[in-house]
Amino acid sequence: MKSLKRIFRQQRDQLGRRLRPARAWLTPVRALLGAEALALCAVLGFLLTGERADFFDRVGGRADVWLALAAVLMLAVLHLFVNRRIVPALNRRFAIERYDERRILFDLGRAGRTVTSVEQLYGIVAGTIGEALGAASVTIFVRDDQTGRYECRFFTVQLNGGGAGDSRGAAGTGGESGVQSLAFERDAVVVKRLYNLTIPLSLEPRDLETWRRSLELVPPGTRERRRDEIKTLEAVGARLLLQIMLKDRLIGIMSLGARRDGRPYTLEDRRMLMSVAGQMAFIIENAKLVERMVEEGRLRRELALASEVQQQLFPAAPPESAVLDLAGFCQPAREIGGDYYDFLLLDNEQIGVAVADVAGKGISAALLMSTVQASLRSQAMALNPGLGVEGSLADLVATMNRLLWRSTGTASYVTFFYAQFDERTRRLTYVNAGHNPPLLVRASGMGAEQHAARENGKGFARANGVKDNGGFSEGGVALTSAFEETMWPN
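Count along the sequence shown from 1, then add 4; that gives the number in my numbering.
Please keep in mind that the hints were generated in silico from the structure rather than gathered at the bench.
A couple of the hints might just be wrong.
Straight line, CA to CA, 25 angstroms or less: simulated DSS-like cross-link-like pairs of lysine-lysine [as the list claims (entries may be wrong)]:
hint, residue 1, residue 2
1, LYS235, LYS196
2, LYS251, LYS196
3, LYS251, LYS292
4, LYS196, LYS292
Label-pair restraints from in silico Cβ distances [as the list claims (entries may be wrong)]:
hint, residue 1, residue 2, range
5, LEU212, GLY366, 47 to 55 angstroms
6, GLU295, ARG88, 51 to 59 angstroms
7, GLY113, ALA321, 20 to 28 angstroms
8, ARG227, ARG107, 54 to 62 angstroms
9, ASP191, LEU212, 17 to 25 angstroms
10, ASP211, GLU40, 22 to 30 angstroms
11, GLU300, SER374, 55 to 63 angstroms
12, LEU37, LEU219, 47 to 55 angstroms
13, GLU40, SER185, 34 to 42 angstroms
14, GLU238, GLU40, 40 to 48 angstroms
15, ASP148, ARG381, 39 to 47 angstroms
Where is the CB? At the ideal position from N, CA and C, for every residue including glycine.
Take these sequences, add in the hints, and give me the full structure.
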């Protein structure tokens, strides 16, 4: 029984394919003309056959001829009435206006040059094609360069009896059947077939039904993806899929639903769509370029704002001191970075000096730098003896380290140097947490003896390691990690 049903279905589909050209040729106006011709033949056959023919023969030898002429005249009057009253109404109701291919290409080219909104650009393309061909729906899928998926970027849905654009929207804004979530995977069946075809791909409901029955033969790993692909095709009502190629890359897919008049897409329609596809490829590439430009502009504005905020974290001016000359400057490698220095004016004539370097560059390093700045200032004030709280600089750095460890990942780290100078005793106390060791420059080692002194240790010496209560009697210079690299021979 199942075999008989399958054979019957195949014969029915084959007959439908054979009759499809006749359906395209047989318009309502042509059907009406055929009905008029059949009516004329029926009237003449009725009047000129049987007993009626014998009657007219008895009336006269040419009575049948005059009767035929009268019948033709009556039908001619009826035909004239039909042409004036009924045919125009049928044309308005059923006939599809012929589109101008050159006009369509011109409008799309002008839109590609003037429209700045990507969604508006896709909307013009979908609306123009849908109105020209009378498609019930038009959906545009664009390839995502990062994932390779073909995501729904725009759709139009023609409601029954409505004109073009009854329901339309950009992907992600809601709409019919959750279109904002529709997409084709990079290994989808339709994607592979469109890539290997040079003409649009036709789809019928029976094709989707065949695919659904064949899912049992698909490996379990890809079965769910194939099922989602079928759901996507059904959701957009795909009857014709147009590949949008740029050189040898499939960058987009346009899906057209069934025509509102029920006619199939003709060879002329497909040729027009293939011409449009070439222009669509450049429109999509321009749209992606516009998106990148907008995104880059937004990032530049955000980076400029972040750079301004970061500059406000640096001290506007060093604190004034009768015994110290302080200065600091930071120039990030990018708009923002993780280099940091700070001056703190504490109670009891204490001045704090901090230099730090956050691993990495960019926004993530700048965010971590702001965390270092906030924790340093809070902990330095908490260990201020003037507030009755005693503690060493090693305790300060240990507390900061615990705070940063809890709020950052394992790949983030900061090198940090902090010193406090007592103006009364002129004693510098510092702690170094993984930062480049500071340099102690003595007055006798300045000038020409500096390079030799570095080699023999006479001019100035390095202060290495994490130390607390270390003091220098003359003065200190703190520097960031990039300073030493500039002096390397290579």
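These are the hints, each one checked on the structure:
1. A C-alpha spacing of about 17 angstroms is found between LYS235 and LYS196, which places the hinted pair at or below 25 angstroms, so the restraint holds.
2. Proximity of LYS251 to LYS196 is assessed by CA-CA distance (about 16 angstroms); at most 25 angstroms being required, the pair is judged to hold.
3. Note on LYS251 and LYS292: the hinted pairing holds, with a Cα-Cα distance of about 16 angstroms set against a maximum of 25 angstroms.
4. Of the supplied pair hints, the one linking LYS196 and LYS292 holds, its CA atoms being roughly 23 angstroms apart against a limit of 25 angstroms.
5. The hinted window of 47 to 55 angstroms between LEU212 and GLY366 holds, with their beta carbons roughly 48 angstroms apart.
6. As the Cβ distance of GLU295 to ARG88 is approximately 55 angstroms, the hint placing it in 51 to 59 angstroms holds.
7. Distance hint for GLY113 and ALA321: a CB-CB separation of about 59 angstroms, inconsistent with the stated range 20 to 28 angstroms.
8. The beta-carbon spacing between ARG227 and ARG107, approximately 46 angstroms, falls outside the hinted interval of 54 to 62 angstroms.
9. A C-beta distance of roughly 18 angstroms is found between ASP191 and LEU212, which places it inside the suggested range of 17 to 25 angstroms.
10. In this structure the hint that ASP211 and GLU40 lie 22 to 30 angstroms apart at CB is violated, the actual value being about 39 angstroms.
11. Restraint check, GLU300 to SER374: a C-beta distance of roughly 24 angstroms breaks the suggested window 55 to 63 angstroms.
12. In this structure the hint that LEU37 and LEU219 lie 47 to 55 angstroms apart at CB holds, the actual value being about 48 angstroms.
13. Between GLU40 and SER185 the beta carbon distance is about 53 angstroms. The supplied range of 34 to 42 angstroms is therefore violated.
14. For GLU238 and GLU40, the Cβ-Cβ distance of about 42 angstroms falls inside the hinted range of 40 to 48 angstroms, so the restraint holds.
15. Checked against the hint of 39 to 47 angstroms, the pair ASP148 and ARG381 passes, with Cβ atoms roughly 45 angstroms apart.
Of the numbered hints listed earlier, those contradicted by the structure are 7, 8, 10, 11, 13.
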